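Residue numbers (full-length UniProt numbering), protein chains in the order written: chain A, 1 to 445; chain B, 1 to 308; chain C, 1 to 285.
There could be a bad hint or two in this list.
[Claimed, not checked] With a Cα cut of at most 35 Å, we get these calculated DSBU-like pairs of lysine-lysine: (1) K231/C to K49/A; (2) K64/A to K354/A; (3) K231/C to K231/A; (4) K64/A to K231/C; (5) K250/A to K231/C; (6) K201/A to K275/A.
Worth flagging that the hints you see were computed from the coordinates, not collected in a lab. Predicted, not measured: the structure shown is a model, and the values here were computed from it.
The residues making up each chain are set out below.
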Amino acid sequence: MSTGPTRRAVLATGFATAASSLVSACAMGGAGGGQARDIGGRKDDEGGKVSGGITVWSWDVAAKAMKRLARTFEERHPGTTVDIVDIGYDNAYDKIIVGLRGGSGLADVLTVSGSHMPRFTGNFPSGFYDLTSLGGRYGGDFDRAAWHTVTGKDSAVFALPWDIGPCALYYRRDHFRAAGVDPASLVTWDDYVTAGVRIKKATGRKLLIMDSTDAGILPMLLQQQGQYYFKGGRVALDTPEAVRALTLMKSLQDEGLVDYEKGWDGLVTGTKEGKATTTPTAAWWTGTLTDEMPELKGRFGVVPLPGFTADGIRTSNMGGSTLCVPAQSKNPRLAWAFMEFLLTGKANQVSMLKREGLFPAYLPALDDPYLSTKQEYFGGQAALDVFARLARNIPPVEYNKDDAKATDIMVSAVTGVMLRGKDPRAALDSAARQLAAATGRERVK
Amino acid sequence: MAVPTTYDRPVAPARAPAPARRRRRRPTAWIFAGPAAVLFALFFAYPLGASLLQSFTTEDAGATHWVGLDQYRRMIHDPAFLESLFNTGIILVVQVPVMIGLALVLAVLLNQSWLRFRGTWRAVYFLPAVTTLVAYAVVFQVLLKTDGGLVNQILGAVGIGQVDWLNSPTWARVSLIASLTWRWTGYNAVILLAGLQSIGKEQYEAAAIDGSGTLSTYTRVILPQLRPVVLFCVITSTIGTLQLFDENYVLTRGGPDDATLTPVVYLYKAGFQQLDFGYAAAIAWVVVALIAAVSALQYVAFGRERRQ
Amino acid sequence: MTALQQASVRIHPARRAGRYLIRLLLVAGAVVSLVPFLWMAIAATHSTSDLFHSPPPFLPGGRLLDNLVRLQDTIGFGRVLLNSVGIAVVHTALSSLISAMCGYGLAKYRFRGRGLLLGAVLATMMIPFQVLLVPLFQMMASVGWIDSYQAVILPFLANSFGILLMRQSFVDFPDELLESARIDGSGELRTFYQVVLPCVRPQLGALVIFTFMAQWNSFIWPLLMLNSEDKYTVPVALNTLTGLSHVDYSGLMLGSLLATLPLMLLFLVFQRQFVAGLLGGAVKG
Numbered sequence: 001m002s003t004g005p006t007r008r009a010v011l012a013t014g015f016a017t018a019a020s021s022l023v024s025a026c027a028m029g030g031a032g033g034g035q036a037r038d039i040g041g042r043k044d045d046e047g048g049k050v051s052g053g054i055t056v057w058s059w060d061v062a063a064k065a066m067k068r069l070a071r072t073f074e075e076r077h078p079g080t081t082v083d084i085v086d087i088g089y090d091n092a093y094d095k096i097i098v099g100l101r102g103g104s105g106l107a108d109v110l111t112v113s114g115s116h117m118p119r120f121t122g123n124f125p126s127g128f129y130d131l132t133s134l135g136g137r138y139g140g141d142f143d144r145a146a147w148h149t150v151t152g153k154d155s156a157v158f159a160l161p162w163d164i165g166p167c168a169l170y171y172r173r174d175h176f177r178a179a180g181v182d183p184a185s186l187v188t189w190d191d192y193v194t195a196g197v198r199i200k201k202a203t204g205r206k207l208l209i210m211d212s213t214d215a216g217i218l219p220m221l222l223q224q225q226g227q228y229y230f231k232g233g234r235v236a237l238d239t240p241e242a243v244r245a246l247t248l249m250k251s252l253q254d255e256g257l258v259d260y261e262k263g264w265d266g267l268v269t270g271t272k273e274g275k276a277t278t279t280p281t282a283a284w285w286t287g288t289l290t291d292e293m294p295e296l297k298g299r300f301g302v303v304p305l306p307g308f309t310a311d312g313i314r315t316s317n318m319g320g321s322t323l324c325v326p327a328q329s330k331n332p333r334l335a336w337a338f339m340e341f342l343l344t345g346k347a348n349q350v351s352m353l354k355r356e357g358l359f360p361a362y363l364p365a366l367d368d369p370y371l372s373t374k375q376e377y378f379g380g381q382a383a384l385d386v387f388a389r390l391a392r393n394i395p396p397v398e399y400n401k402d403d404a405k406a407t408d409i410m411v412s413a414v415t416g417v418m419l420r421g422k423d424p425r426a427a428l429d430s431a432a433r434q435l436a437a438a439t440g441r442e443r444v445k
Numbered sequence: 001m002a003v004p005t006t007y008d009r010p011v012a013p014a015r016a017p018a019p020a021r022r023r024r025r026r027p028t029a030w031i032f033a034g035p036a037a038v039l040f041a042l043f044f045a046y047p048l049g050a051s052l053l054q055s056f057t058t059e060d061a062g063a064t065h066w067v068g069l070d071q072y073r074r075m076i077h078d079p080a081f082l083e084s085l086f087n088t089g090i091i092l093v094v095q096v097p098v099m100i101g102l103a104l105v106l107a108v109l110l111n112q113s114w115l116r117f118r119g120t121w122r123a124v125y126f127l128p129a130v131t132t133l134v135a136y137a138v139v140f141q142v143l144l145k146t147d148g149g150l151v152n153q154i155l156g157a158v159g160i161g162q163v164d165w166l167n168s169p170t171w172a173r174v175s176l177i178a179s180l181t182w183r184w185t186g187y188n189a190v191i192l193l194a195g196l197q198s199i200g201k202e203q204y205e206a207a208a209i210d211g212s213g214t215l216s217t218y219t220r221v222i223l224p225q226l227r228p229v230v231l232f233c234v235i236t237s238t239i240g241t242l243q244l245f246d247e248n249y250v251l252t253r254g255g256p257d258d259a260t261l262t263p264v265v266y267l268y269k270a271g272f273q274q275l276d277f278g279y280a281a282a283i284a285w286v287v288v289a290l291i292a293a294v295s296a297l298q299y300v301a302f303g304r305e306r307r308q
Numbered sequence: 001m002t003a004l005q006q007a008s009v010r011i012h013p014a015r016r017a018g019r020y021l022i023r024l025l026l027v028a029g030a031v032v033s034l035v036p037f038l039w040m041a042i043a044a045t046h047s048t049s050d051l052f053h054s055p056p057p058f059l060p061g062g063r064l065l066d067n068l069v070r071l072q073d074t075i076g077f078g079r080v081l082l083n084s085v086g087i088a089v090v091h092t093a094l095s096s097l098i099s100a101m102c103g104y105g106l107a108k109y110r111f112r113g114r115g116l117l118l119g120a121v122l123a124t125m126m127i128p129f130q131v132l133l134v135p136l137f138q139m140m141a142s143v144g145w146i147d148s149y150q151a152v153i154l155p156f157l158a159n160s161f162g163i164l165l166m167r168q169s170f171v172d173f174p175d176e177l178l179e180s181a182r183i184d185g186s187g188e189l190r191t192f193y194q195v196v197l198p199c200v201r202p203q204l205g206a207l208v209i210f211t212f213m214a215q216w217n218s219f220i221w222p223l224l225m226l227n228s229e230d231k232y233t234v235p236v237a238l239n240t241l242t243g244l245s246h247v248d249y250s251g252l253m254l255g256s257l258l259a260t261l262p263l264m265l266l267f268l269v270f271q272r273q274f275v276a277g278l279l280g281g282a283v284k285g
């Protein structure tokens with residue numbers, strides 16, 4: 001048992017250090033309240049030299065894109081190392097939240113979904129570097145809705161937007177043709193329902209796929225009308241817009257137009273099998289189509305989302321991520337330099353769209369000729385162009401630190417209506433009441 | 001439901017726990033208990049204490065406030081939490097007895113003396129318990145898919161219509177119960193089989209000489225002796241159910257409509273999604289209380305066992 | 001082995017039928033047990049895009065090698081497998097020893113603090129471990145252990161279940177044997193290693209299997225602790241195959257299948273001890 005003394009020595013040292021740091025951790029009360037750390041003045045940055053190393057957490061294609069471009073960055077800035085770690089998406093936020101609460105252990109740059117950012121800055125106000133002095137000047141270059149997610153009180157900037165998910169309606173050309181429905185005629189959601197009934201009659205196929213364990217297309221429909229779960233800090237679950245959205249979903253359900261599939265693979269399988277003829281979703285869906293169902297080349301087309309009124313907004317947003325620098329970072333300058341390199345140049349943004357399918361929130365990149373190329377997969381349609389045009393109209397919405405609570409309650413309301421036939425208005429009213437009680441907030445009205 | 005927990009009491013021998021009458025010097029005892037005690041003190045004293053303290057607080061924008069018992073009071077009026085208790089109750093009342101019953105039958109079948117390759121059988125039945133969770137999630141979602149899932153295809157072949165396994169609240173509960181049973185029946189059967197095999201050969205022979213048939217040998221002679229082992233399985237499964245997280249989280253995330261929500265999934269959501277760590281800690285300690293209550297009940301049951 | 005009906009030499013036809021029925025039931029149960037694994041194995045031989053067909057494929061495909069190569073390319077499967085083995089072996093060895101010693105101490109000695117220790121053992125077993133994650137993480141961070149193997153291994157070395165299991169095994173250990181060892185002049189520790197431990201080998205075997213299984217499949221804690229891809233364990237690495245808009249199901253299935261094999265092997269090797277040890281001497285007729 002030769003491990004004995006060594007182990008004991010390790011334990012003894014560990015104990016001493018742990019004990020002393022615990023005392024201080026308790027005294028500080030963990031993450032603590034207070035102000036965000038300022039990343040510093042603009043002056044040092046210009047011409048300032050960066051050095052040392054940083055770690056970046058990300059997942060999926062985003063990690064892949066960064067791994068590729070980090071090499072270029074390192075070449076341009078000798079003496080720096082940028083280490084990209086794929087932490088997987090499913091439990092990424094567990095890791096980030098534990099690190100934020102623990103006050104250490106995080107990477108220098110984090111990937112965070114745009115819709116989560118306000119929740120993090122709201123709950124951990126001192127957890128991130130305030131990037132205003134360095135990043136503020138880029139405000140005009142980014143999509144309005146995405147920029148809204150990275151700014152807090154007094155326009156303080158906590159992150160840079162990376163990609164966005166402008167929404168449109170993917171549809172099956174063959175099914176629409178068989179039913180004699182012109183996709184361009186889907187101007188309003190009422191048109192959409194009517195067309196759905198017709199297509200179902202002609203082809204036996206349903207109109208769209210939803211998952212019974214989430215709120216389905218509700219968040220998308222809300223953002224299309226310029227709101228999420230809160231308005232001005234008040235509970236907005238039962239606004240006329242929300243009632244309109246849920247009523248639409250109920251009529252889709254009542255007409256038998258919804259195909260329920262479980263989770264991501266259910267959605268992909270259902271689409272591949274042609275169970276539903278449309279998918280109202282974001283631009284990143286194209287990557288899934290081309291990867292998982294190459295055999296359906298030429299079958300899909302893209303049109304703007306139907307609107308709630310004839311002249312209403314024809315898009316929304318789903319997904320999209322941002323990069324931020326936690327206050328724990330020991331090398332915020334390098335972290336910022338890398339973010340700036342990655343996100344504020346047209347060439348890199350376009351290359352990430354081309355190679356990894358990340359749709360840029362950086363507006364100058366949307367003018368690139370690549371976006372208007374005709375895509376064979378979509379039967380020669382310039383599908384990216386549809387999204388590029390829509391992207392500028394995405395309504396910004398207010399996210400809030402209590403969004404996760406709201407989501408839970410809202411999912412119950414939606415499933416109550418969709419699966420148990422409850423009345424949308426009544427269900428939303430009760431959801432709003434619950435949320436107001438749980439958060440101590442007032443209701444809009 | 002990962003590893004059985006209280007091994008301790010249900011299988012305690014008929015003898016009273018050892019009086020530990022060795023009157024050796026204290027330092028000697030600490031040579032043995034020391035490493036574990038130090039590890040507990042190091043790695044659990046603070047987290048346990050911190051979580052208990054946290055259950056009396058709430059946080060707002062990074063600032064912590066003392067709220068006394070508010071978080072505990074909140075649970076009483078929280079429909080989602082009550083639903084999670086209700087779901088746990090259903091699993092306790094339905095799934096645990098069904099699983100233990102099946103495991104018992106399986107153990108008896110595997111205990112037949114003429115059965116060859118017993119080791120292989122045992123391994124095959126144990127396999128589900130060692131599956132990684134990722135695989136478990138994907139496989140069950142594929143098997144239980146409403147349209148084209150293997151289960152529905154088999155049902156369709158015998159003329160039963162499609163069942164919406166994971167999307168309807170009622171069927172999602174059934175699916176969870178079935179998949180829990182799939183994962184843990186073999187595991188319990190292996191334990192029960194060990195119990196059966198530790199019962200002496202003579203007992204079976206004596207019963208056979210008495211002229212009892214196989215079935216009555218089991219019900220009259222063998223099973224009563226197996227009682228402590230059965231109790232052990234019941235208790236570990238009960239505690240596993242009260243701490244249920246893995247299966248229902250990966251399968252349905254507690255949905256649809258909270259139909260498969262359990263207290264631990266709920267506390268995980270409260271903490272890691274809603275960042276309501278005070279509430280999460282309070283729920284955790286209620287779970288502790290529930291488990292302690294069950295352990296106490298089991299202590300009483302064990303007492304009765306001994307008196308008989 | 002129990003010998004039910006061992007005496008009867010000639011087998012009655014009705015009994016023979018009964019035996020077939022039992023075999024049939026066992027096979028049916030085994031099929032139910034194995035189907036998900038068979039499907040995993042089948043899925044591991046297809047491309048992810050093929051798996052999205054409905055119904056999914058039920059026969060093996062020809063992409064096993066592709067998937068294996070991709071698994072090695074994307075997550076360095078060989079490397080993470082090695083990490084998992086290393087961590088699980090070290091953890092299991094230390095944890096089993098510590099649990100055995102503690103169990104022995106609790107079973108055979110009365111000492112001040114014994115009740116407190118038992119209480120700690122029970123409390124850590126009952127508390128949902130999700131709630132301990134943040135404080136435990138803070139501790140690891142404060143000693144600078146994030147992204148180290150010891151941070152994965154150390155906190156859960158003292159294993160409540162193992163301690164109770166071992167304590168139970170030692171309770172029955174005859175005190176007379178200990179006394180005679182003592183009279184022979186053997187030290188306490190030596191007595192423990194040379195006299196006591198060999199007698200509870202089956203229980204120790206069971207503990208080894210449980211501990212190894214739990215550590216091998218452990219996910220959240222290693223995920224929180226490890227920040228370098230080349231230090232990942234198998235479950236953490238497999239987790240990265242699940243992206244936001246892309247999931248590598250076939251890689252996931254192949255990886256999970258390969259990850260299950262070592263556990264199967266361990267069980268097959270140690271199952272005799274496992275089964276015997278699980279119940280110790282506790283249920284003697």
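Status of the hints after comparison with the structure:
1. About 31 Å separates the Cα atoms of K231/C and K49/A, which keeps this hinted pair within 35 Å; it holds.
2. Taking the CA atoms of K64/A and K354/A, the gap is near 13 Å; set against the 35 Å cutoff, the hint holds.
3. Only pairs whose Cα atoms come within 35 Å are accepted, and K231/C paired with K231/A is rejected, the gap being roughly 45 Å.
4. Taking the CA atoms of K64/A and K231/C, the gap is about 19 Å. The hint holds against a cut of 35 Å.
5. At most 35 Å may separate the alpha-carbon atoms for a hinted pair to count; K250/A and K231/C exceed this at roughly 49 Å.
6. With a C-alpha separation of about 14 Å, the suggested pairing of K201/A with K275/A holds against the 35 Å cut-off.
Hint compliance for this structure: hints 3 and 5 are not met, and every other hint is.
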